[in-house]
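K.L.:
Based on these hints, arrange chains Y, G, B, C and R on the given structure of chain V.
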Amino acid sequence: MRGEMSVIVRTIARITYALILVFGFYVILHGHLTPGGGFQGGAVVASGFALLPVAFGAAAAKRYLNPSLMRHLEEVGSLAFLALGFLGIGISFFYNVLANSGSLFGAAVPFGPNSGILNSAGTLPFMNWAVGLKVMTGLMTIVLVLLIGAGKEGKD
Amino acid sequence: MNGINSGFGAWNPLVWTALFLGIVAVALAIRALGRKDYKKKTGQTKVYLSGNEEPEPEDLHVRGDALYWGMVEALSGYYRRARALHTGILSDYFAWIIVTLGIVFVLLAVGR
Amino acid sequence: MGNFPFVVAMLLVILGLYTLLFKRNLIKLVIGASLIETGVNLFLVALGYRTAGIAPIYTYAPPALADRMVLPTPQALTLTSIVIGLATTALLLSFAVVIHRHYGTLDVREVKELKG
Amino acid sequence: MNALSVHAPVLLVATPLLAAFVVPLVAKLGSTVRNAVVGVFTLLTASLAGLVAANVLAGSGAPSVYVFGANPLNLTLPSGMHVPIRILFEVDGMSAFMILITALVAVAATLYSFSYFKEHSGGEMYYPLLFLLLAAIFGMEETGDLFNFFVFLEIAGIAACGLIGFRPWRGRSQEAAFKTMALYTLSGLFVLIALGLLYGQHGGLNIAYLSSRVGAGMLDLVALGLLVVALGTKAGVAPMHMWALDAYGEAPAPISAVLVASSQASLYGLFRVLFTLFGAAVSVAALGWFLIALSVLTLFVGVTMALLQKDIKRLIAYGAVSQIGYMLLGVGVGFTTSGSRPAYGFVAMQGGIFHMVNDAACIGLLFLAAGAVHRASGTRDLNRMGGLGHDMKWTAALFAIGALALAGVPPFNGFSSKLLIYESSFAASPILAAIAILSSILLLAVFMKVFQAAFLGPRLLENVREASRGMLVSMLMLAVVVVVFGLFPGFFVDKLVTPAAKALWLGRDAYVRAVLGG
Amino acid sequence: MKKAAVFAAFVFVAAFLLFAAGRLHPFGEPSAPAMDDYFLAHSQAETGANNVVTAIVFDYRGFDTLGEATVLFAAILGVVAVFRGPREDER
Amino acid sequence: MIAQEIVQVITLVLILVGAALAVSFKDLLASILALAGASLLVSLEFYILQAPDVAIAEAAIGAALTTAIYVIALRRTRRKEKE
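For the protein sequence lines, the chains are V, Y, G, B, C and R, in the order given. Using the working numbering, read the first sequence as starting at 1 and increasing by one per residue. Using the working numbering, read the second sequence as starting at 1001 and increasing by one per residue. Using the working numbering, read the third sequence as starting at 2001 and increasing by one per residue. Using the working numbering, read the fourth sequence as starting at 3001 and increasing by one per residue. Using the working numbering, read the fifth sequence as starting at 4001 and increasing by one per residue. Using the working numbering, read the sixth sequence as starting at 5001 and increasing by one per residue.
Next up, chain V with everything else stripped away, as it sits in the complex (with noise of 0.2 Å):
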């Protein structure tokens, strides 16, 4: 963790860190078909992000990611959420109102086994989303703070 690592290191992290995005964001678009969702891929990216502090060190993590901007674009996934919740007030809360509508996301899908219809599934696509956002920024922020913090005074 001390300083940076060999250029090794660093080029496999930087390879690692894009392979690992990219499958962090299939997972949070194809929550709703296979297995994954807002969860698992927002902390797919954030435990890919663990990786920058061991590759480049800690400073030039914090340079990169700014912990204030993350924990704010974390509220706006929450609000995001609360406000996907609140769509479905009209009937109830957490109601889908989007599910089998035929607008956007609403295709009806078929009972049992078929090949998957990404254009399905109402709100629950949008909720993928905001819960990704927030899972990957808020977990980001915890280890940012956590490396900044425990740095700042500690007696190493």
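The hints are simulated quantities; they were obtained by calculation from the structure and are not laboratory data. Beta carbons are placed, not taken as given, at the ideal position from N, Cα and C, and that holds for glycine. Don't take each hint at face value.
[To be verified] In silico lysine-lysine, DSS-like type, Cα no more than 25 Å apart, as pairs:
hint: 1; chain 1: G; residue 1: Lys2115; chain 2: G; residue 2: Lys2023
hint: 2; chain 1: B; residue 1: Lys3502; chain 2: B; residue 2: Lys3118
hint: 3; chain 1: Y; residue 1: Lys1046; chain 2: Y; residue 2: Lys1036
hint: 4; chain 1: C; residue 1: Lys4002; chain 2: G; residue 2: Lys2023
hint: 5; chain 1: C; residue 1: Lys4003; chain 2: G; residue 2: Lys2112
hint: 6; chain 1: G; residue 1: Lys2112; chain 2: B; residue 2: Lys3310
hint: 7; chain 1: C; residue 1: Lys4003; chain 2: G; residue 2: Lys2115
hint: 8; chain 1: G; residue 1: Lys2023; chain 2: C; residue 2: Lys4003
hint: 9; chain 1: B; residue 1: Lys3028; chain 2: V; residue 2: Lys62
hint: 10; chain 1: Y; residue 1: Lys1041; chain 2: B; residue 2: Lys3393
hint: 11; chain 1: B; residue 1: Lys3310; chain 2: B; residue 2: Lys3393
hint: 12; chain 1: C; residue 1: Lys4003; chain 2: R; residue 2: Lys5026
hint: 13; chain 1: R; residue 1: Lys5026; chain 2: G; residue 2: Lys2112
hint: 14; chain 1: G; residue 1: Lys2112; chain 2: G; residue 2: Lys2023
hint: 15; chain 1: B; residue 1: Lys3393; chain 2: Y; residue 2: Lys1040
hint: 16; chain 1: B; residue 1: Lys3028; chain 2: G; residue 2: Lys2115
hint: 17; chain 1: B; residue 1: Lys3118; chain 2: B; residue 2: Lys3028
hint: 18; chain 1: C; residue 1: Lys4002; chain 2: G; residue 2: Lys2115
hint: 19; chain 1: R; residue 1: Lys5026; chain 2: G; residue 2: Lys2023
[Stated by the list, open to error] Now the in silico label distances, taken between C-beta atoms and shown as ranges:
hint: 20; chain 1: C; residue 1: Arg4084; chain 2: V; residue 2: Arg14; range: 52 to 62 Å
hint: 21; chain 1: Y; residue 1: Ala1010; chain 2: B; residue 2: Gly3050; range: 27 to 37 Å
hint: 22; chain 1: B; residue 1: Gly3050; chain 2: V; residue 2: Val76; range: 51 to 61 Å
hint: 23; chain 1: B; residue 1: Ala3397; chain 2: Y; residue 2: Ala1032; range: 53 to 63 Å
hint: 24; chain 1: R; residue 1: Arg5078; chain 2: B; residue 2: His3120; range: 46 to 56 Å
hint: 25; chain 1: R; residue 1: Val5009; chain 2: G; residue 2: Arg2068; range: 48 to 58 Å
P.N.:
The following block gives chains Y, G, B, C and R in isolation, referenced to the frame of chain V:
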């Protein structure tokens, strides 16, 4: 409406308060019968301690610790044990939870 | 196989309890809490398993097995519980770091200014 | 207006959550805007709490159900099912009562915080955490789903510990926060294990559904034991009370008051488990007597140890722990006699439940006053205080009201509820009444000591100023509650406490029927 | 002595937990799956999601997920508050 | 089927071993790594129990992020558990 009745006794705070205020009024009335010619902050109201100097008010203040030392002393056996149990060690907090859980399990298993 | 997975989950809980009760380092206590957490998660997921079942996802599910899926509810609960576990762990560890800053120790027996 | 009434239970939780997410964003605009937003949301939450309670009490405490994501929203069971599949809120008389308590404490604590935290940093974290804690407490009191209860329990625990450790430059606050969090985590996990056991056997998570299914099987009893111990720990019942002393003592003063409400919400959960979830299955008299024994222990340990304390907030914390003993004593007597249902059992329930609101008001008042004293004098050590009453007349008077009420001196509110507990526990066993009265007398002695040491005597400290107006107003609010509840107890017992006690004592069937129908 | 008592209680509790694990329904054969069967049968029609777990997490038990997101939010606030650095004195 | 059961039993036993090591190591870093290993095995066990959603979450959160947080916290405190 404003009182409560427990089935064993009744309690009406308004009546109680009226009584209490009445007693206070009586007490004040008795006090008013006393001498009125004392002047405050003169020699007339000075404390007389068998000719000794009156101590400064700061020295007369009873500190929080000292107020019940007699009671604490009398119960010192209990207090020694009770203080010893409040160790402040986290493991002991957990230990109490587990012991209580064990007792509850015994009670549930036996008393079923 | 019997109830072996349940037993293992409970054993994890018991190991965590042992750590909480008899270990002396604050970070070790947090590890104990994490172990209990893991054990409970395993317990929940194992509750919902069906022998020879498949994951409760209809995308490309083998049609022959589509009526034998494992129970989904415990999995949903476990997802929530995992994130809660991470939150508590992070908070506990940050308290431990600051305690170390103030007290210079992480020994449970020495972190006891609040007593009596 | 009707739609608002219908959705009030969920809005009551969603509004503080929304506030918690919004406040950090508006905090950039300066502390005046932030405080205005916080104030508006607090008032909104409190009025929603009033609306929910009014709706429930208008139906004399009959449970009303709100199902999340269902169409229509009171559809608890889809056609052909006997298990509720969605999360639902179920608000009955007891929940309404608890909601009112929490709202009262919430308003007082927020108002107080405006002055108390004026020059502290981190307001953009303090108020959101406070709102999260409140939302979680409201959620715990409203929910009808066991896992949802667990989630709110965890939110309450985490937000509470964030607030306890909110002043990281004090090592002791971190120690208290770590200990509290560790115990909260363990008890939360016990709840989760119990939930797993219940789910594994009955395949449901709804409290009403589980209540209709649990029996006296060994697994159900293991779950019951875990739930009792976990919720007892969170409520601060001796001998698991030690975290409470650290937490109440080290948290910022307004938070101590809210923590009392949070402990009471856990106690509410315990009552819900005992009377509603396991109401039919458990006729274990041994458990009832064990709870009574614990309550007596809590009482006794709380008051006797309070006598020794030098730190004013830790002393009040011991007082707060002893009050939990009174509530548990009243309801424990009710639980023990719930098989035979004699008249005094119901009176005991009324006393224990009535004491909850009285305790929240008095202890809250005392904590707030202690915070004012701490701020004014710069110390919490009783031995270094003295003569504060010369400069802080209002605080001294309000502290005296709180102390007398807590000690059960008539005509304040503590006396009315304690009277009900004394008389009914006397019917159960005279020894219990004797211990309860003795504890009350000791409590009076304890607070005589505090009052004498802090407020009376010559001035020992220089530059002491009266608490600021906001702090005084919030204390005055609680003091008014103390006095009004003391002078007109009959009204409140009739209107608030009796529906709550009935909901626990006799309301199990109605609670189950509201969900399962039939 | 004290430690022995605690250890005894620990062993007793552990025995109870293991006993509970042994007494549960046999592994792999859930005893009361009515609620979960409902989810498996209806989640596609009601929510349009192929992944039943996602359907439960965000639709049937969406409120829990809101709570879980809140837990994370609270933990972040707590951690940030703890590490916000030294400032002001006691008063 | 038998092969799957054998794998499962082995995984479960290894989880227990990892947990026991996490409890018994005096070196806290080793302890944390043992915990991470146990977490990873639990994630595998989730996969075997047909819970891929939970498996991904456990691998990312339980094994990776929790370990990172532990290691960061450990850097600023004492590494060895005192005797």
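K.L.:
Does each hint hold? Answer for all of them.
P.N.:
Outcome of the hint check:
1. G:Lys2115 to G:Lys2023: holds, 20 Å
2. B:Lys3502 to B:Lys3118: Judged against 25 Å, a Cα distance of about 44 Å means the pair is violated.
3. Y:Lys1046 to Y:Lys1036: holds, 16 Å
4. C:Lys4002 to G:Lys2023: With Cα atoms ~15 Å apart, Lys4002 (chain C) and Lys2023 (chain G) stay inside 25 Å; holds.
5. C:Lys4003 to G:Lys2112: Given pair Lys4003 (chain C), Lys2112 (chain G) holds - Cα atoms ~19 Å apart, limit 25 Å.
6. G:Lys2112 to B:Lys3310: holds, 17 Å
7. C:Lys4003 to G:Lys2115: Roughly 20 Å separates the two Cα atoms, so the pair holds.
8. G:Lys2023 to C:Lys4003: Distance of about 12 Å is within 25 Å: holds.
9. B:Lys3028 to V:Lys62: holds, 22 Å
10. Y:Lys1041 to B:Lys3393: holds, 22 Å
11. B:Lys3310 to B:Lys3393: holds, 22 Å
12. C:Lys4003 to R:Lys5026: The given pair, whose Cα atoms are some 21 Å apart, holds under the 25 Å limit.
13. R:Lys5026 to G:Lys2112: Between Lys5026 (chain R) and Lys2112 (chain G) the Cα gap is close to 22 Å, so the pair holds against 25 Å.
14. G:Lys2112 to G:Lys2023: holds, 16 Å
15. B:Lys3393 to Y:Lys1040: Given that 25 Å is the threshold and the Cα spacing comes to 22 Å, the pair holds.
16. B:Lys3028 to G:Lys2115: Given that 25 Å is the threshold and the Cα spacing comes to 40 Å, the pair is violated.
17. B:Lys3118 to B:Lys3028: holds, 16 Å
18. C:Lys4002 to G:Lys2115: holds, 19 Å
19. R:Lys5026 to G:Lys2023: Holds, at roughly 10 Å.
20. C:Arg4084 to V:Arg14: 52 to 62 Å: violated, 32 Å
21. Y:Ala1010 to B:Gly3050: 27 to 37 Å: holds, 30 Å
22. B:Gly3050 to V:Val76: 51 to 61 Å: Once the Cβ atoms are compared, 31 Å apart, the range 51 to 61 Å for Val76 (chain V) and Gly3050 (chain B) is violated.
23. B:Ala3397 to Y:Ala1032: 53 to 63 Å: Given a distance of about 25 Å, which is not inside 53 to 63 Å, the answer is violated.
24. R:Arg5078 to B:His3120: 46 to 56 Å: violated, 31 Å
25. R:Val5009 to G:Arg2068: 48 to 58 Å: violated, 22 Å
The structure does not agree with the numbered hints 2, 16, 20, 22, 23, 24 and 25 stated previously, though it agrees with the rest.
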